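Chain A is already provided as a structure; the job is to place chain B on it using the hints.
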Amino acid sequence: MARIRTTVDGLVYEDDVEPRMLLVQYLRERLGKTGTVIGCDTSNCGACTVHLDGMSVKSCSVLAVQANGAEVLTIEGLERDGQLHPMQQAFHDNHALQCGYCTPGMIMQSIDLLGDNPDPSETEIREGIEGNLCRCTGYQNIVRAVQDAASKMKPGASATQQSSAQPVAGGGA
Amino acid sequence: MTTTENPSTPAPEIGRDRRRKEDRRLITGRTRWVDNQALTGLLHLSIVRSPFAHANIKGIDTSAAKQVPGVVAVYSAADIGADQVQLPCAWPITKDMKSPQRPALAGSRVNFAGEGVAVVVARSAAIAKDAAELVEVDYEELEPVLDMEAALQDGATLVHPEIGTNANAQWVFDSGEAGSGGDVAEALKKAESDDDQIVVRRRFRQQRLVPVFMEPRSTVVDPNSEQLTMWSSTQVPHILKTMLALTLGLPEHKIRVIAPDVGGGFGGKIAVAPEEVLTLLVARKLGKPVKWTETRSESLLTAHHGRDQVQELAMSVTKDGRITGLDVKLIADMGAYLGLVGPGVPILGAFMFNAIYKIPAYRFDCTNVFTTKTLTDAYRGAGRPEATFGIERLMDEVALELDMEPLEFREKNWIKHEEFPYTTVSTLTYDTGNYEAATEQAKQMFDYDGLRREQQERRRRGDVKQLGIGISTFTEMCGLAPSRVLGSLDYGAGGWETASIRMQPTGKAEVVVGVSPHGQGHETAFSQIVADQLGVPFDDVEILHGDTQSSYKGLDTYGSRSLAVGGIAVVKAAEKVIEKAKPIAAHMLEAAEGDLEFSGGKFTVKGTDKGVGIQDIALAVFAAHDYPEGIEPDIDAHATFDPENFSFPHGTHLCAVEVDTETGFVELYKYVCVDDVGNVINPLIVEGQVHGGLAQGIAQALYEEAAYDDQGTLLSGTLVDYTLPTAADLISFDTANTTTASTTNPLGVKGVGEAGTIASTPAVVNSVLDAIRHLGVKDIDMPTTPYRVWSAIQNASGHAGRADEANVASPGAGLGSTARDMPEGGNL
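Each protein sequence line maps, in turn, to chains A and B.
Take the first sequence: its letter number 34 is residue 34 in the numbering used here, and every next letter is one higher.
Take the second sequence: its letter number 439 is residue 439 in the numbering used here, and every next letter is one higher.
Only chain A is shown next, with the shape it has when bound in the complex (with noise of 0.2 angstroms):
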């Protein structure tokens, strides 16, 4: 058992794990949270996405002792006093998602997405969610709703919409 101490959501966590305990495991299993799922088990699907310290990982990919000391977020730690997250608004404005089994992983990446480029054509959304598997939508208004968020990220667009993007904007240089 390897003792880990990890921020998830804004809420500090100790626990002791086994090493080979996946991060997916540790939030689904251990902390209740269920919001993100498990969708494979080759890392293909992207459906367990989380952020780690502002990077999207896939947190099949990644073990719990991996992320000791670091912050997690999660689909469910999006939403800031009851306001959804641009993101999630697009999904829901623009019918992004069915079944939704994919949604908390496709969100978390196209946020990190956007994180790395406010402002990607159709091509480079395509690209940028590549590794997250849709098996509902046929993709078109994923894009449409990412082209979306990223209107309403933008500077300039209204402050409580930014508030809300800024603090868990994905980053990467």
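Hints were generated in silico from the structure; no laboratory data involved.
Since this is a predicted model, take the numbers as computed values, not measurements.
Heads up, a few of these hints could be off.
Computed list of chain B residues with no C-beta within reach of chain A, every gap over 12 angstroms [stated by the list, open to error]:
#1 Asp195
#2 Asn224
#3 Thr429
#4 Pro505
#5 Gly594
#6 Ile685
#7 Asp729
#8 Pro746
#9 Gly776
Which residues of chain B face chain A? A partial, calculated answer using Cβ under 10 angstroms [unchecked claim]:
#10 Trp33
#11 Pro216
#12 Gln696
Glycine included, C-beta positions come from ideal geometry on N, C-alpha and C.
Relative to the frame of chain A, chain B by itself:
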């Protein structure tokens, strides 16, 4: 009581692009997937699965697994009676259909790689999986049975020796015998000796696919509540409940099945799965709640597959382009066992090969065959994509032989809009449609003539990237289904659907439906219907589903039936609510019932401004202080709707692809579809269904294949190898609707869930071939991967390619990366 002043009817909900009610919990991670279920004392199940396709089980040693700390029990089949179970098949398509026993765990012989042979129960899923690795099974390998045609030959190894054959059933429709058309054998014979006719014969392969719902299957059973409770990731909670009772001899009223949030199904969760039965058996044996959740690899290997047919087609046609006969001979791979509706899936195609065309003589002959592969059953479209692919590919081939523009050939033969209702050669009556209108609009949106010119330009210049244009003018039958028709097809159940409306004292409406959504947006669409029917606000409607305690009767969701059948049950229930409320309204308004009219949620006395709202009547009957003698103080209602006919969506799909003639890489260039799905309740949801359907149909054409090696091992057993399209593989589609309202239901709706998948596959393959046919390529098996396309070009141009014809179609040849920077495919 309220008095209406200036009755203003709210804008109709039907037709509005309402954002979905369902979304909130899904976008915030507050979902209720089965695997999220955590019960005190919950145990976890892992299944030991056979690595061999066909083998006798000589012995199982569970001793090492039992020693692992945290393991509660290890069971082989006999320990829990799993080998005595006969998992149900609800569709005996012929009287003499062979139905080998399908156990929950194999007892003495395994018949496909992945079949369960033992289970491990432990306090955590990880411990159960670790211990499952320690179960020693002694197998005696048998010859696998992999090729469905070879399996039908004399002397072939038998999957199930006890039934004496690999043939499951043969099902024939003959229009000559049915009286709906001529004798096709005569038609073909006549055509062969007629200088004014030709006969075109083609053989097409429908590869095996995997549904790949994103949520892996999961089941939790709590045996300790008064009703044994099963949460399962299923499309069919009601069917599952009844079948569990019938299969296991349990009293049906002691079972409760809950399908909470279900992450996609596409037909893949229409099942009474061995794992569901095992979880139940183990939970009952141990008296503890038990969970089973599959891994993705386990899902690809063991959840049912779809498609997998060999199609031999013959069409006779006059030289001026009139079809005179169509002969269809199919062999369909059932895999090792029969699924819930597996044997009936190819039979649904019998009614769709004639498609939108007027065909005077038609015969359909399908032989189902057993092999030692994962069983096949429903996958989005179920029988209809296979048929649509066959006919729409054949229409292109015949047009070529006639040297006729493929759209023109189609138009010469399709049913004209003024000919509806039209009874087809396969005996279905299409109520409405307008193929001319959909095609005209699609051509304009596509710039059909412009793209044809561009194609000619590229050919003339000899561009490396050649343009191909593919057509699919499809129809389908959905809204499954009229119960009497299902009876005539020997299906084991009806096709009705139910709905109940429970009016709350505060005027809100709880609507209980028997259909069971897994991404379709029923809560939103049905709320829109109820809002219009009862005149109550959209937000005052709550849709309940997926729990057999609240939704006690239903036939669940598949076959694009939820709106066309379930939605109509909702309408009928609402009509009953209004009917029941009427005498109470009359009483409250001191008027005669005959003087009342209902509109916008209110009963009003004709010619006056007196009125009372349905929501106020709900409160009045709750109080029940003052209501007419002789009636019950209640306006709740339940309705069952049995459709009189299928519905027949149709559309014209046009696809343009660029094929790189040097690499074989196929890229989507433009995709236009104009679908007629009848009246639209929510255009946003309809468009979403079309997009997703297109993606799956395109995936069959270009990317996906469940391939086995010569030992019967699934090669595409992970999402690395089973290549779902990513966002980067697809383009934005141009979709639109034309509308001819269905005349067989009061909403005029047709169903949209499967249309995109059914229509798109032949459009894409036709476009790929259209791009490179001038190079001598005649056909390419699906998926048309870069490797296959490149090889076909090489072979056609006389170069000895890196693969001969046989290899091009060999298992696994279709596996390839779709990455643009790896144009040769990952398997080279």
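Results of checking the hints against the structure:
1. Asp195: holds (48 angstroms)
2. Asn224: Answer for B:Asn224: holds, closest chain A Cβ roughly 22 angstroms.
3. Thr429: Non-interface label stands for B:Thr429: nearest chain A Cβ at 32 angstroms, farther than 12 angstroms.
4. Pro505: holds (29 angstroms)
5. Gly594: Since the minimum Cβ distance to chain A is about 45 angstroms, B:Gly594 lies beyond 12 angstroms and the statement holds.
6. Ile685: Label violated. Min Cβ-Cβ 7 angstroms, cutoff 12 angstroms.
7. Asp729: At about 8 angstroms from chain A, B:Asp729 fails to clear the 12 angstroms cut-off, so the statement is violated.
8. Pro746: holds (26 angstroms)
9. Gly776: About 34 angstroms separates B:Gly776 from the closest Cβ of chain A, which puts it past 12 angstroms; holds.
10. Trp33: OK, holds: B:Trp33 within 10 angstroms of chain A, min 6 angstroms.
11. Pro216: OK, holds: B:Pro216 within 10 angstroms of chain A, min 7 angstroms.
12. Gln696: Constraint on B:Gln696 satisfied, holds at 7 angstroms.
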